[in-house]
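Peer 1: Given the structure of chain A, go ahead and fit chain B onto it with the hints provided.
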Amino acid sequence: MLEFMEGSHAVAEIVKRCRPQVIAAYPITPQTHIVEDLAQMVANCEIDAEYITVESEFSALSACLGASAAGSRVYSATTSQGLALMFEVCFNAAGMRQPIVMTIANRSLGAPLSIWNDQQDSISLRDSGWLQFYAEDNQEAADLHMIAYKVCEDHDILLPAFVCFDGFILTHTYEPVALPSQEEVDAYLPAFSPYQRLDAADPLSLGMYATPEYYMEFRYEVDRAMQRAKQAFIKAGREFGERFGRDYSGLVEGYRLEDADTALVAMGSICGTAKDAIDEMREHGRKVGLLNIRVFRPFPAQEIADALKDVSTVAVLDKNISLGNGGAVGIEVKTALYGSGISVYDYIIALGGRDVRKRDIVAVVDLAEKGEGDIFYGLRTEVL
Amino acid sequence: MAEVEQGCELFSAGHRACGGCGPALAARLLLKATGKNVIIAAATGCMEVFSTPYPETAWGVPWIHSLFENPAAVASGIEAALKRQGRTEKVVCIGGDGSTLDIGVLCISGAFERGHDITYICYDNEAYMNTGIQRSGATPYGASTTTSPVGACSLGNPRPKKDMPAILAAHGAPYVATASIAYPNDFMKKVERAINTPGPCYIQVHTPCCTGWGFEAGETLNMAKLAIETGLWVNYEMVDGVVEKAKKVSRKPVEEYLQKQKRFRHLFKPARRDDVIAQIQAIADANAERFGIDIKRKESSE
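Chains A and B, in that order, give the protein sequences.
Residue numbers 1 to 384, in this note's numbering, belong to the letters of the first sequence in order.
Residue numbers 1 to 302, in this note's numbering, belong to the letters of the second sequence in order.
Derived by calculation from the structure, the hints in this document are not laboratory data.
From the three backbone atoms N, C-alpha and C, an ideal C-beta is built for every residue, glycine too.
There's no promise every hint is true.
Reference listing, derived: stretches of chain A covered by chain B, where coverage requires no fewer than 3 residues with Cβ under 8 Å from a Cβ of chain B [stated by the list, open to error]:
no.	stretch
1	17-28
2	125-133
3	204-211
4	303-314
Here chain A stands alone, though its shape is the one from the complex:
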């Protein structure tokens, strides 16, 4: 049954059904509605969890790490500056192989201060060892949390994950969402079974220091787990589809790519706008399609190359910038398509919440087909 609800509320409702035992979060716009909803659920005894009202995002993730190491399923949510403050803990939690699931309500990073959406925050943590999933709409945002727990807690994976959805554009937007029942979620996502835990009955040391003789192997193991996470995601996404009728077995998802000459590549809510723009362009005979990157870490390079093998031009929409070297998604898509002969152009777009309309998508396709790319799209003219 579809219910009309705010994106943040949909996420909170699904997190509740995932039964985290410890929640630690610090309020930051535009993540607040999620953690407020969860706090109310705890206050109402609707959810059997400890809710730690930490004094900072740094402690939010540190507390999650401790609770996870002690054998509890954990949850947090943050964005932007909060995620930046967690930087050190992010690398640490992944290196310590704790299956923490954290929602990222994607937002830009200062300076200048901006509370509005882009994807700079999570993209900037791309090397940290966290799986990164990007939702196109609120249904997907909710669903990806269930998949995330299943993939992260798989004993062959044991990595943390960001479930990313665009701040305000999704978090504060009402959409129809189908929420599975508690019983359905329980059937899909069993109770947390930690691989190991801090336990006086079976002492172990976690987070020891490693000399040069050992350090590299730990990093290799994390990377191997990242690679295995592709198949784990596909499996979990397929099972989700079988149970709930919404298939997430693709690390990437194509839209009208079958005979496309030009493909847009994007992540998150901008894909919805792009699909509408593509439908209109198709009506005018333009062979344009879209590739939505749902899983950014591990990066699905082969899946992208396969999906785009028949197009001649690719336009990547990057809601982030690796300052000094263009958009991060563009850089990685170019790497994935290296040697293919496909022209790949990158467009830095929608930073700091700048709106993107269908006409902007059409304009990007026009530019790409003219061979003009690797630019900021839509800048105010006074800086040019």
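Peer 2: Same frame as chain A, but now just chain B:
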């Protein structure tokens, strides 16, 4: 203490600490006091590095190290998880003075304000020893360190020690204490009391560092004892913010403590700095006044 069998150490020998390491002794005493039913959340620092070089560990109890500044936050999560799981282990943080008084204050303040049932042990060796003897908020006035060195216009560390016990008592901590490895039974009794007191408790244990302070490795306990005997370190307990049971001493002049350590050598050579020694004596006098530690002539000595 009773549950630990004689001769059975939960903190094993064979770790990589310097000979004469004060913190290593504190760790051993700590686990004698806690027994096995404990989970340790450790900060980055000397103790973490010398006790857990992968694949070896000195810890016979569950132990986790995440980062330099976050053991109190990690412990908050552990405590919450144990509560939810209905488990009984005590949660104990261990951090050095740099982690505790400087970089970790935010996390500690948060954990204490929230009232987690944890015990935080700060092993205070009065500088960042793991990185090579840099000054911290716990470095005493006048001590020369690699970042508060003596020079033509410097007499060493320009500030007195930060009063972390008072800061945590001000958070409403039910039990705050100071201790010294020179008085092991006292330290262990305080640990027992802390872990059995509901809520966040704090113990700052004075752990001389022969390498960082510059004295012979065999003198560690004597140095800890001299700190007490001069009044530069005071062993006391604060229950609900009120000081109780400060250890009384027949005080010796501070220079008996200072002149035995290279970090204070500049106060005696090449020229004696009576002015600075007098300032340090004034710190000891103020401690004695504040905690009432001076043994009066008519009282019998302890």
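Peer 1: Check whether three or more residues of the stretch 17-28 of chain A sit with their beta carbon closer than 8 Å to a beta carbon of chain B.
Peer 2: holds (count 3)
Peer 1: For the stretch 125-133 of chain A, count the residues whose Cβ lies under 8 Å from any Cβ of chain B; is that count three or more?
Peer 2: It is violated: at least three residues are needed, and the stretch 125-133 of chain A offers just 0 whose Cβ sits closer than 8 Å to chain B.
Peer 1: The stretch 303-314 of chain A covered by chain B? Criterion: 3 or more residues, Cβ-Cβ distance below 8 Å.
Peer 2: violated (count 0)
Peer 1: Please verify the coverage claim for the stretch 204-211 of chain A: does it have three or more residues whose C-beta sits within 8 Å of some C-beta in chain B?
Peer 2: Answer holds; 8 residues pass the 8 Å Cβ test.
Hint compliance for this structure: hints 2, 4 are not met, and every other hint is.
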